[in-house]
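Protein chains in written order, with our numbering: chain A, 1 to 810; chain B, 811 to 922.
Heads up, some of the hints might be wrong.
[Stated by the list, open to error] Just a sample of chain B residues kept apart from chain A, beta carbon distances all over 12 Å, derived:
no. : residue
1   : Pro856
2   : Gly860
3   : Glu893
4   : Asp897
[Claimed, not checked] List of simulated lysine-lysine pairs, DSSO-like, C-alpha gap at most 30 Å:
no. : chain 1 : residue 1 : chain 2 : residue 2
5   : B       : Lys902    : A       : Lys209
6   : A       : Lys448    : A       : Lys752
7   : B       : Lys858    : A       : Lys311
8   : A       : Lys592    : B       : Lys858
9   : A       : Lys501    : A       : Lys741
10  : A       : Lys513    : A       : Lys448
11  : B       : Lys902    : A       : Lys513
12  : A       : Lys669    : B       : Lys902
13  : B       : Lys858    : A       : Lys585
14  : A       : Lys513    : A       : Lys482
15  : B       : Lys858    : A       : Lys587
16  : A       : Lys806    : B       : Lys858
17  : A       : Lys748    : A       : Lys513
18  : A       : Lys316    : B       : Lys902
19  : A       : Lys592    : A       : Lys711
20  : A       : Lys295    : A       : Lys101
21  : A       : Lys448    : A       : Lys434
The set of hints was computed from the structure by calculation and includes no laboratory data.
Here a beta-carbon is modelled for each residue, glycine too, at the ideal position from N, C-alpha and C.
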Amino acid sequence: MQKLVVIGAGMASGRALEHLFDTQPGEWDVTLFNAEPRGNYNRIMLSPVLSGEKSYAEIVTHDEDWYAAQGVHCRFGEKVVAIDRAAKTVTGENGTVAYDKLLIATGSNPFIIPLPGHQLPGVVAYRDLEDTNVMIEASAIPGAHAVVIGGGLLGLEAAAGLRLRGMEVTVLHIATHLMERQLDAAAGFLLQKDLERRGINCILQANTKQITGDGKVEAVELADGTVLPASLVVMAVGIRPNVQLAKEAGLAVGKAIHVDDQMVTSDADILAVGECVEHQGAIFGLVAPLYDQAKVVAATLRGEEATFVQKQLSTKLKVTGCDLFSAGDFAEGPNREDIVFRDPARGVYKRLVIEGEKLVGAVFYGDTADSNWFFGQIRDGADISANRDTLIFGPAFQGGAPVDPMAAVAALPPEAEICGCNGVCKGAIVDAIKGGAVDLGAVRATTKASASCGTCTGLVEQVLASTLGGAFERNAPQPMCKCTDLTHEDVRRLIKSQELKSMPAVWQAGAWKTPDGCHSCRPALNFYLLADWPLEYTDDLQSRFINERKHANIQKDGTFSVMPRMWGGITTPDELRAIADAADKFKVPTVKVTGGQRIDLLGVKGEDLPAIWADLNAAGMVSGHAYSKGLRTVKTCVGTDHCRFGTQDSTGLGIALEKALWGSWTPHKVKLAVSGCPRNCAEATCKDVGVICVDSGYQIGVAGAAGMDVKETERLADVKTEEEVLDYTMAFIQLYRENAKYLDRPYKWVAKVGLDWVKEQVLDAGIRAQLVERFQISQSVYQKDPWAEHVKERAEQYVPVADLTKFAAE
Amino acid sequence: MSDWIDIGPLDAIPPRGARKVETPLGCVAVFRTGDDRVFAVNNRCPHKGGPLNEGIVHGQSVTCPLHNWVFDLSTGLAQGADEGRIDTFPAKLEGGRVLLAASALRARPVAA
Ligand code: SRM
Ligand SMILES: Cc1cc2nc3c(=O)[nH]c(=O)nc-3n(C[C@H](O)[C@H](O)[C@H](O)COP(=O)(O)OP(=O)(O)OC[C@H]3O[C@@H](n4cnc5c(N)ncnc54)[C@H](O)[C@@H]3O)c2cc1C
Ligand code: SF4
Ligand code: FES
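Chain A with its partners taken away, still in its complex shape (with noise of 0.2 Å):
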């Protein structure tokens, strides 16, 4: 009999060795080594057994009598240490053994991050019984924390199982979604919401700074200095191929030990599987290719011819009610295009990925009904051409005639729900339409469908063609951009009526078909989002444009300029000489003054802009947000103090109103104007708030422009007070905030709106109170000098992060 020594009985080794006995029962001597005390048990089982779905004793799959009637002799418990290669043996802790054949199958280690504390009792990984049974105990103690580090697949279903033993959880992610391996960042938002409803606490981006505890885990801390509680720490963070002995051994390892498409390693008398092997450059980490493998495996041992092969592969998530799907390479590549479908109000998210003629990849959540049928296409490399336009609706639509969607609509019932939020049915839009109705906008003042969110336009739209035939002129408003069909003012209804605090939200919800927007899409819903929910939204500098990520205007060179504000254009001595200091120093090309009273410095190269801007910050001076959609400057004359016809201190006032606004973000810029009386020296008639100062106090105007268009203001109010004007300017340009379409200046809004709407809101004082409020607690998020914010913060993202000129010459 040949002898065959085994190393792990884990799960690639188990299916080995059954192919094995199958074939040939009773041919081999066997003796199998596992470090864990005890035979093989379905791993991938571990999470069910955690959760409590299932018990240790239900996932075992070769049990003693299984190993006895197979005359395994089993050494479970005991560790190899060595293999020696010229003698054929193999040394375990209990002794020494001869082998004909060795067949390596020691799977993975998991990674432990080597953060202080790591080693602390109460730190654990997830990877075998023990793990999980140290697991269930820390959960037995009632309303105890865990922490657990790591958001991908093992990560989550080990904080599943955890809170369904009713721990409290939080899991840190280092990405900027879950699971980034698997799913695209819409749908990890998706499974994100659905574990924070069960009550997992994620944090994302999180940077783990250390553990701490006085001989047990008692907190984790993050390098932003949140400390989080935890009695148990789960590290979930990857894992390793086990890949030492064979390395000590002298076999040929780079990732993992290296084999051929026999499963042989570098010596022909030592075979591998499982985790522990790298094939081709690739290395394993599901169960479905290391079947494949144990196959090839007892194939070879047996001297027959087989070869392993390399498939696609898929993923699941075992936590019971997320349901997830990802297959294949979803990442977008030359020649591939999206097929993108979302049903916000299932929380359905589908995504293929197509690259000519075949399905590369795909993406689920919320239903994952086809997801085999899907994974088949890919698999099989199926030519889908003839079937695209309906691919994505799965099996089911495939083959017979290809769907019409107006077909799917006019067979409605009359009491099928088109409007969710307003509860209209089909039947009462149809009546509507009958009743002279004809229109979008007729059948939303009737009705009220597609009133509020506006993510069932389409439908309604399809009611109208449906009901009207060729009478129906769909005129269709313009949708923000190519990656969704709902119209600025749309979303931001959206926004407010589904109160969505984040941009995955508003691509669920508003159907988005690009996975994560566009250059013209991304800033607007940067700006709804933190016009809206200030405290909630974190603002993304990703989705602003160049100038207002950088706080700097670009020029055509690619130099940026640099603008300090100089309050109601009053400057000083001091600043003057700091900014000639300043423009020495960095040799400034050009110093301009501007048409907004300041004096710009331009041609400055981006990696000096933040040590330019701590020198005039040291010098007391701030941003002049020259380049936001935010408020520019507001010019003054000389007024009271010095003009023989002034009438108020507009330059005061001036700098009082510049004061209130600097910082705030607006859907287009605003710039302000006080004139101190009617020869009007600021020319505030033709700016977006201009005041002009008489004898019995100030007339405030709006909706100027003397840009593109030029229009003089048209008045909002007059008033006695310095305080009143104050208020209501932040009033007029907080309505402006929370209602104008992004990229329109105020004077376009208010034609939209009508002068009338503006003046009930603000002249009203209960609402004009509530709109200087939300305006002011804004201004407490966003009101703060962002050059300084820069320099402390993000200097390095100003200069290159590397150099390679010396290092790439040699």
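Once you have looked at the hints, place chain B with the ligands on chain A.
For chain B with the ligands alone, kept in the frame of chain A given last:
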């Protein structure tokens, strides 16, 4: 072309963002997409020389900050009606580090 140079950790580049790398032949922009893939391209827009590292990154594309031309980061081709192409360079992510192929940066001319 297996001479990979480590230019820094992935974290140095914001998601949906880019950083510049100086090379003997000029400036290269290294991009990170929303799903953490990395690309390296000549930092100079073929239209009027816009610095692409300052553009908005969406999907696998970047929009030039000067006049909104959109380029696919993997082929370098301008999208839509615009015509042009930026040179692309091999880049990869390994163990959380961003690597560029040195030989490619020596071989081809990039922006001054
Ligand atoms: C620097 C300055 C010209 C100057 O040297 O005086 C200037 C420079 C620019 N203006 Fe202006 N505008 C400047 C005062 C004006 C004025 C006059 C004023 O503010 O009193 C106007 C007319 C009033 C108005 O805003 O309507 C003006 C109307 C525009 C417009 C048209 C806006 C419109 O809605 O019609 C644009 C284009 C835009 O914003 O989309 C524009 C855009 C620009 C940009 C930002 C072009 C760009 O996007 O890169 C220029 C940046 C140059 C650079 O490289 O820094 N600039 N621009 C002025 C800066 C004022 C300041 O201190 O902040
Ligand atoms: C909680 C969890 C959930 C999972 N869920 C899924 C899933 O849903 N789908 C999926 O496809 N995959 C899943 N996996 C991954 C899957 O379990 C592994 O891919 C698979 O178990 C690897 O099999 P293996 O035989 O290579 O290694 P293992 O199963 O790890 O077996 C290796 C064995 O070798 C032993 N060993 C190591 N070194 C020595 C030595 N020197 N001497 C003696 N013995 C040694 C180890 O103790 C171990 O028992 C999951 C994994 C875990 C931990
Ligand atoms: S008018 Fe304004 S936008 Fe036009 S060139 Fe002059 S500074 Fe630039
Ligand atoms: S320079 Fe890039 S689009 Fe003009």
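Now for the hints, and whether the structure bears them out:
1. Distance check for B:Pro856 against chain A: the nearest CB is about 14 Å away, which clears 12 Å, and the non-interface claim stands.
2. With a minimum CB-CB distance of about 7 Å to chain A, B:Gly860 fails to clear the 12 Å threshold, and the non-interface call is violated.
3. Non-interface status of B:Glu893 relative to chain A is upheld: no Cβ of that chain comes within 12 Å, the nearest being about 16 Å off.
4. Its beta-carbon lying about 15 Å from the closest one in chain A, B:Asp897 satisfies the requirement of being farther than 12 Å from that chain.
5. Between the alpha carbons of B:Lys902 and A:Lys209 the distance comes to roughly 27 Å, so the proposed pair stays at or under 30 Å and holds.
6. Proposed proximity of A:Lys448 and A:Lys752 is supported: the alpha carbons are some 21 Å apart, at most 30 Å.
7. Taking the CA atoms of B:Lys858 and A:Lys311, the gap is near 46 Å; set against the 30 Å cutoff, the hint is violated.
8. Restraint check for A:Lys592 and B:Lys858: satisfied, since their Cα atoms lie roughly 25 Å apart, inside the 30 Å limit.
9. Restraint check for A:Lys501 and A:Lys741: satisfied, since their Cα atoms lie roughly 18 Å apart, inside the 30 Å limit.
10. Restraint check for A:Lys513 and A:Lys448: the C-alpha separation of about 26 Å stays at or below 30 Å, so the hint holds.
11. Restraint check for B:Lys902 and A:Lys513: satisfied, since their Cα atoms lie roughly 28 Å apart, inside the 30 Å limit.
12. Our distance criterion of 30 Å between C-alpha atoms is broken by A:Lys669 and B:Lys902, whose separation comes to about 40 Å.
13. Taken as a hint, the B:Lys858 and A:Lys585 pair is honoured in the structure, with Cα atoms around 29 Å apart against an allowance of 30 Å.
14. For the hint linking A:Lys513 to A:Lys482, the alpha-carbon distance of about 8 Å falls within 30 Å, and the restraint holds.
15. For the given pair, B:Lys858 sits about 24 Å from A:Lys587 by alpha-carbon distance, which is consistent with the 30 Å threshold.
16. With a CA separation close to 28 Å, the supplied pair A:Lys806 and B:Lys858 stays within the 30 Å bound.
17. With a C-alpha separation of about 29 Å, the suggested pairing of A:Lys748 with A:Lys513 holds against the 30 Å cut-off.
18. Between A:Lys316 and B:Lys902, the direct Cα distance comes to roughly 27 Å. Compliance with the 30 Å bound is thereby established for this hinted pair.
19. Annotation: proposed proximity of A:Lys592 to A:Lys711 holds, straight-line Cα distance about 27 Å (limit 30 Å).
20. Note on A:Lys295 and A:Lys101: the hinted pairing holds, with a Cα-Cα distance of about 16 Å set against a maximum of 30 Å.
21. Simply put, A:Lys448 and A:Lys434 have alpha-carbon atoms about 16 Å apart, close enough for the 30 Å limit, and the pair holds.
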